[in-house]
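> Construct the complete structure from the given sequences, taking the supplied hints into account.
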Amino acid sequence: MHKSFREKYIFTLIKAYEKPFKFKSDVLTAYQLASNYEADLFLGNECLLSPLGYTWEENEKLIRNNLGGFFKNYRLLANKDFNNVEEII
Numbered sequence: 073m074h075k076s077f078r079e080k081y082i083f084t085l086i087k088a089y090e091k092p093f094k095f096k097s098d099v100l101t102a103y104q105l106a107s108n109y110e111a112d113l114f115l116g117n118e119c120l121l122s123p124l125g126y127t128w129e130e131n132e133k134l135i136r137n138n139l140g141g142f143f144k145n146y147r148l149l150a151n152k153d154f155n156n157v158e159e160i161i
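So the sequence shown is numbered by our numbering: it starts at 73 and just counts up by one.
Among the clues, some could well be false.
Stated by the list, open to error - In silico DSSO-like links for lysine-lysine, alpha-carbon gap of 30 Å or less:
| no. | residue 1 | residue 2 |
| --- | --- | --- |
| 1 | Lys133 | Lys91 |
| 2 | Lys87 | Lys133 |
| 3 | Lys94 | Lys133 |
| 4 | Lys80 | Lys91 |
Keep in mind that the hints were calculated from the coordinates and are not lab data.
Now the structure itself:
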């Protein structure tokens, strides 16, 4: 399902060997963070990205489905700052 860019959602980011991190942000920022940290990204029970668990083709399909047709890989590599998101405790 294509997500709205302006709307903020509650995501779960799971980095290797770390506790899940819940945060609220827009979908592009969430994908950028997950991509930079090679982390799994979930929206509820739906896996939106799994760099180490899925093949590149599977991840690319998920990205295109959720970010739309303008997807360019370099756009995912632009955000490493967790200060741009609201942590959910």
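> Work down the list of hints and note, for each, if the structure agrees.
Checked hints:
1. Lys133 - Lys91: 27 Å, holds
2. Lys87 - Lys133: Holds. Lys87 to Lys133 sits at ~21 Å (cutoff 30 Å).
3. Lys94 - Lys133: The hint holds at about 24 Å.
4. Lys80 - Lys91: Between Lys80 and Lys91 the Cα gap is close to 22 Å, so the pair holds against 30 Å.
In the structure shown, no violation is registered for any of the earlier numbered hints.
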